[in-house]
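K.L.:
Okay, here's what each chain looks like letter by letter:
Protein chains: 2
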Amino acid sequence: MVNKIPHIVVVGAGFGGVATIRALADVKAKITIVDRTNYHLFQPLLYQLSTAVLSTDDISFPVRAMFRRRDNIDLFMAKATGIDGKNKVLHTNHGDIAYDYLVVSAGTTNNFFGMENVRKYSYGMKTIQEALHIRNHVLHMFERANKQIDSEQVRRQMLTFICVGGGPTGVEEAGALAELVAVQKLDYPNLNFDEVSIKLIEATDKVLPMMPENLRNYTLKVLRKKGVEVMLNTAVADCSEEGLFLKDGTFIPSKTVIWAAGVRAHGLVATLGPECDRSGRIIVEKTLQVPGYPEIFAIGDNAHFEQDGHPLPTVAPVANQEAVVAAANIKKMIKGQEKLREFSYKDYGSMATIGRCQAVVSWGYLRIGGFFAWCIWMFLHLLRLEGTHADITVGTKWLWNFISGTRLGRIITNIKFDEEQ
Amino acid sequence: MVNKIPHIVVVGAGFGGVATIRALADVKAKITIVDRTNYHLFQPLLYQLSTAVLSTDDISFPVRAMFRRRDNIDLFMAKATGIDGKNKVLHTNHGDIAYDYLVVSAGTTNNFFGMENVRKYSYGMKTIQEALHIRNHVLHMFERANKQIDSEQVRRQMLTFICVGGGPTGVEEAGALAELVAVQKLDYPNLNFDEVSIKLIEATDKVLPMMPENLRNYTLKVLRKKGVEVMLNTAVADCSEEGLFLKDGTFIPSKTVIWAAGVRAHGLVATLGPECDRSGRIIVEKTLQVPGYPEIFAIGDNAHFEQDGHPLPTVAPVANQEAVVAAANIKKMIKGQEKLREFSYKDYGSMATIGRCQAVVSWGYLRIGGFFAWCIWMFLHLLRLEGTHADITVGTKWLWNFISGTRLGRIITNIKFDEEQ
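One line per chain: the protein sequences are G and H, in this order.
All residue numbers for the first sequence refer to numbering that gives the first Met the number 0, where the first residue is 0 and numbers rise by one.
All residue numbers for the second sequence refer to numbering that gives the first Met the number 0, where the first residue is 0 and numbers rise by one.
Extracted from the complex, chain G is given alone in its bound form:
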């Protein structure tokens, strides 16, 4: 069976998975993408969905449409549940898939560090569904507070929004929430907006740790000016339906705790066996192969790759660069070449947005914060977004948001309609 076309299975249609398939453009193989959803989600803009700037369709793009011109690619929409590396089979909730090469790029899920109540009562921010839950819930809180004419205490609890985690997600979410509140202010003449409070809670002494100190300080200044109360060196102890308990014994009454404090690798990864780090990532070889399984590659948030003594961060550029090497190595193996490429990450820097007209960008010697950084941030995100139509609609919405200062998507959609409405 020398002429049998190999079957490459890619788990996950995130940045890593999509980049892998792009890099496998000219390969003579059958490629199957396995994903729970039928779309590629542009995660960096999820916070804009959760704060009513963008719509679902703006930041998600059908996987099939991305690879429409390549007939050797099919999507298998299913939940990957386990890997049988010995028999080269991927288990899914819609049946098993045999593979010759497997790329594990299943991404991450929220890490609640074993705090069951936090898992139960806080809002994660990893999926479209979670982002919509946050949007619906936050907007609902304003409607409910507006009806609470008797109790300031109840209103204050409803109008206290807590983001936990000072990384890019937490910072961007807190900044965008502050702007959403400013828009809401115009629409609730009977609400006292002094009762609204946005808190950003971070366990360490800094936000955006990957940024240089001056940009970190700039970020703090901008967030505080927007009305975000930044609480550094503050650790979470527990959570309930009524609020958040801190390690120092403080209780903050709130109906909205948004969890952006940590991620861990998709549970699928652990079913494989090889050694994982604390975050559930596989400690991979220099070639990105999984130890003991040369035909399995782990990339992106599923791979623990050490460079200069530190594991690489769980960010999109790492996944994209790893995808190229994993794809190259699969092609080499198909051709029977023994010498595979070793991965090395080139760090071009990082950026984060804090709000309208304000972002921080750190690229080598370029370290800026403010309007120009925001323009760079916008331009690059539009470039990286899938689909021309999304560029147009997102660009239009951002322009409109910039001009009018409003939020287009303040629609509460999780209403349960019974038969009688």
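Incorrect hints may appear among the rest.
Just so you know, same-sequence chains aren't split out, so a pair can sit in one copy or run between any two.
[As the list claims (entries may be wrong)] Computed cross-link-like contacts, DSS-like style, restricted to lysine-lysine with a CA-CA straight-line distance of at most 30 Å:
(1) K85 with K338
(2) K345 with K334
(3) K87 with K224
(4) K198 with K3
Since the hints were derived computationally from the structure, they do not count as laboratory data.
Keep in mind the model is a prediction, meaning the values are calculated, not measured.
With chain G's structure known, arrange chain H on it following the hints.
P.N.:
Chain H alone, transformed into the frame defined by chain G:
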């Protein structure tokens, strides 16, 4: 208490409710809008949400943002459950609201004509949630059929889409589904699209009954050319999870029955007492007052108003025109004037779209079908849509749809993620 400001309560933020409040612009009164949702839904484009052309936010607009400049207006987001006309109190699931004047414009809900299984197994098309259910379900059917490599019978059942009702909703939905199928065809190289079937079922002998005969025939021709099987004089008997039973004994295997065959007035209306018609609409006075309750007005789909021997149709223009008269009469009553305006409907005609580049328009002597009618349809819908931003995004998406022929929103969003994704 001569100087007490009257309280006008408007139930429903649909076309009638919104037009009433607009017409009450200069009134010295407190106005409360009661709606289950926080948005005004542009119902005529709901079928485009259900067929992945537009997004939720494109066709829904926050009610508070519409009346931001008028401080005497507030939204009370709640489900109106009953009217106590004697004590002038509206009951809601968030408490009672006392009114001096009440406008009942709560719209309609699906009418399943007592067929319990149809209610249970078919898909309604009245709310954002229902439209998204249809979209998710239809897209899912393709993914599932693509995995059914063994059974043509199962695939055919999954790929049979039935619209019941030959009015504008059914026709527009069937036409848009046919176009969605054409787009899907590009993305499923392994599916045999001869197995796909779209059926439009109508109990009478015509579709779009309000249109002249030549445009009705044109509509049939266009639908059939698109691949829609139009079944006239075909009555539904029952429905199950596996398909649709017709009165003649035929069973059509299908997982997708979209119900656009009838509406009835919101259940709230019946709690008032006065005589209602078969569709649950209140038979109103010439002044649009509810018999026995001069301070209550019923308009739009909640009012049965006879003109020229026929009740007016349940369409937006009727609601809009009635709103103006109801508002005028409330203003007269506040001023103590006894002579109220009597309503008379001016019919400007109707239109419906059958698909990309094809619509029918019937305005007096102008009776056209085709591309020019479609341009008129698009232009007028953009004009009537709330919010400049929606004009821009919807206009952009339509243009993109026209140029590229693709569907932007083919995203399945109702996936249940458990903790492990």
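K.L.:
Hints first: check each against the structure and report whether it holds.
P.N.:
Comparing the hints with the structure gives:
1. For a Cα distance limit of 30 Å, the shortest separation of K85 from K338 inside one copy, 23 Å, qualifies, whereas the shortest one across copies, 88 Å, does not.
2. For a Cα distance limit of 30 Å, the shortest separation of K345 from K334 inside one copy, 27 Å, qualifies, whereas the shortest one across copies, 76 Å, does not.
3. When the C-alpha separation of K87 and K224 is checked against a cutoff of 30 Å, the pair qualifies neither within a copy, at 55 Å, nor between copies, at 48 Å.
4. For the identical chains of this complex, K198 and K3 are neighbours neither inside a copy (58 Å) nor across copies (42 Å), given an alpha-carbon limit of 30 Å.
Consistency note: the structure conflicts with the earlier hints numbered 3, 4.
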